[in-house]
Amino acid sequence: MEGNIGELGQYIGVGLTAFGMGFAALGVGNVAGNFLAGALRNPSAAAGQTATLFIGMAFAEALGIFSFLVALLLMFAV
Amino acid sequence: MATEAHGEATGLSFHPMDQFIVRPLFSDGEVHWYTPTNVTLWMFVIVLATLALLVMGSRGRAIVPTRGQSVAEMAYGMVHKMIADIAGKDGLKYFPYIMTLFMFIVFANLLGLLPMAFTVTSHIAVTGVLALAVIVGVTVIGFVKNGVHFLDLFWIRSAPLAVRPILAVIEVISYFVRPLSLSIRLAGNMIAGHAVIKVFAGFAAIAAVAPVAVVAVVGMYAFEVLVAFVQAYVFTILTCVYLKDALHPSH
Amino acid sequence: MISLLQEAAHTAAEHTESVASSVAHGETETATGLPQLDMTSFGNQIFWLVVALVVLYWIVAKVALPRIGAVLSDRQGAITGDLMAAEEFKLKAREAEAAYDKALADARAEAGKIVAANRAEIQKELDAAIAHADAEIAARVAGSEQRIREIRDSADNDACEVARDVTAELVRAFGGTVDQAAVDQAVDNRMRGALQ
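Protein chains in written order, with the numbering used here: chain X, 1 to 78; chain F, 79 to 329; chain L, 330 to 525.
Check before you lean on any hint, since a few could be wrong.
[What the hints assert, rightly or not] Okay, derived cross-link-like pairs now, DSS-like style, lysine-lysine, Cα gap no bigger than 27 angstroms in a straight line: (1) F:223 - F:322; (2) L:419 - F:171; (3) L:391 - F:167; (4) F:159 - F:322; (5) F:159 - L:391; (6) L:391 - F:223; (7) L:421 - F:322.
The set of hints was computed from the structure by calculation and includes no laboratory data. For clarity, every value in this text was computed on a predicted model and none was experimentally measured.
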């Protein structure tokens with residue numbers, strides 16, 4: 001269990017950024033769930049909106065991926 | 079550390095990032111800019127795969143398509159429809175360019191899932207160049223087509239005058255985040271998926287959890303096949319969205 | 330995920346400390362840090378990416394897309410052509426149906442005509458046969474009547490003869506002289522009334 005305090009802080013920081021990915025997962029689920037709810041109410045309009053769905057999911061996911069990037073940078077680049 | 083001790087005791091060794099190392103193909107020396115590396119090899123394979131699908135597949139030019147030709151036509155139809163729906167008919171001029179990006183990314187992602195393969199889209203250098211190619215291209219198109227009116231994209235006339243400068247700052251920032259988010263999204267998805275598969279594969283060395291690990295690897299693999307396609311789709315669709323902004327900045 | 334990355338970092342660190350341990354793990358090369366952030370390989374990747382993209386763009390733009398586009402428009406043309414041909418065939422089928430109906434009606438009319446003609450012919454023959462039979466019957470009836478009349482006439486004559494003879498004999502028996510002419514006259518007068 002030897003190590004220095006900086007390394008400890010680094011790992012704690014990396015662990016905290018994992019929360020960011022979890023919240024991104026919530027966001028993506030929210031997008032998909034709301035799309036499904038809307039699509040079930042008006043199935044005829046759903047087919048035309050799949051592109052919008054993917055764009056929305058991509059934006060929601062991108063922010064989670066940013067936190068992943070921060071984690072990687074903390075792990076390997078700092 | 080505890081994990082380290084555990085790993086040593088059971089012979090576990092995780093090297094999830096080793097698969098991303100750029101290695102020279104023929105020597106063990108330095109990687110110069112011209113050195114043929116595994117990147118070179120897999121990009122060559124991607125080009126060959128595209129050639130096989132799009133050119134060999136449609137070799138027959140059959141009215142009733144063969145299987146390969148159907149797939150080629152499906153890819154063509156999908157990207158064509160995407161551009162026509164999102165960027166409009168005048169976006170179809172850039173169809174070959176967007177099709178090139180789509181075929182490159184989709185084959186890079188899917189071929190990268192083969193065992194022992196190297197995923198070129200998992201490298202930020204590669205996805206960064208792809209994203210910059212899109213953003214620089216789109217910006218140039220925007221200025222050439224619309225001149226100074228392209229800046230209307232940042233100066234939102236439908237908003238009250240007071241908030242327009244604030245919105246302009248936000249819009250400019252979001253515009254410059256676009257290449258970053260494009261490249262990081264693609265590379266991040268690829269890195270994360272491959273690393274997770276590799277880690278699960280590492281757990282298969284422990285007999286007790288090996289069945290779980292194998293099932294998990296199979297499940298993740300199926301998920302990654304989906305992600306590989308969806309990320310290529312998303313990259314292409316966002317390219318179309320940015321192209322629409324460049325062609326019609328006022329909307 | 331992140332904790333597993335820690336593992337990676339640890340094994341990487343291990344590697345830098347002792348090469349022997351990584352050789353024991355069967356690894357020839359291990360990532361030191363994130364390979365994606367290794368700036369020395371960027372030039373190489375970007376160079377080959379640009380080469381690959383240029384080649385791919387050439388293939389896609391010059392060969393693949395025109396060909397697939399041509400195939401798709403050919404198919405569209407073929408489908409449109411086929412639809413038009415189908416429309417034509419439909420029209421032809423309709424015409425053929427009309428012609429068939431007409432032929433059927435004609436055949437029916439013809440058959441009706443033939444039946445009527447046959448019926449008339451048969452009627453004619455029948456009428457002729459009936460007329461023939463009627464004529465024959467009439468002839469026979471006439472012949473029979475003739476014969477009956479002759480028989481009756483001869484019977485009348487016989488009766489007259491007998492009456493005359495009987496009268497002559499009676500007259501003789503009563504002692505008169507027989508005037509043959511007077512007897513005949515008397516008998517004929519009486520007989521005319523009786524026989525008629």
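Structure-based check of each hint:
At most 27 angstroms may separate the alpha-carbon atoms for a hinted pair to count; residue 223 (chain F) and residue 322 (chain F) meet this at roughly 12 angstroms. The straight-line distance between the Cα atoms of residue 419 (chain L) and residue 171 (chain F) is roughly 41 angstroms, outside the 27 angstroms bound, and the hint therefore fails. For the hint linking residue 391 (chain L) to residue 167 (chain F), the alpha-carbon distance of about 21 angstroms falls within 27 angstroms, and the restraint holds. Proximity of residue 159 (chain F) to residue 322 (chain F) is assessed by CA-CA distance (about 14 angstroms); at most 27 angstroms being required, the pair is judged to hold.
Proximity of residue 159 (chain F) to residue 391 (chain L) is assessed by CA-CA distance (about 20 angstroms); at most 27 angstroms being required, the pair is judged to hold. Between the alpha carbons of residue 391 (chain L) and residue 223 (chain F) the distance comes to roughly 25 angstroms, so the proposed pair stays at or under 27 angstroms and holds. Our distance criterion of 27 angstroms between C-alpha atoms is broken by residue 421 (chain L) and residue 322 (chain F), whose separation comes to about 50 angstroms.
When each numbered hint is compared with the structure, violations occur for hints 2 and 7.
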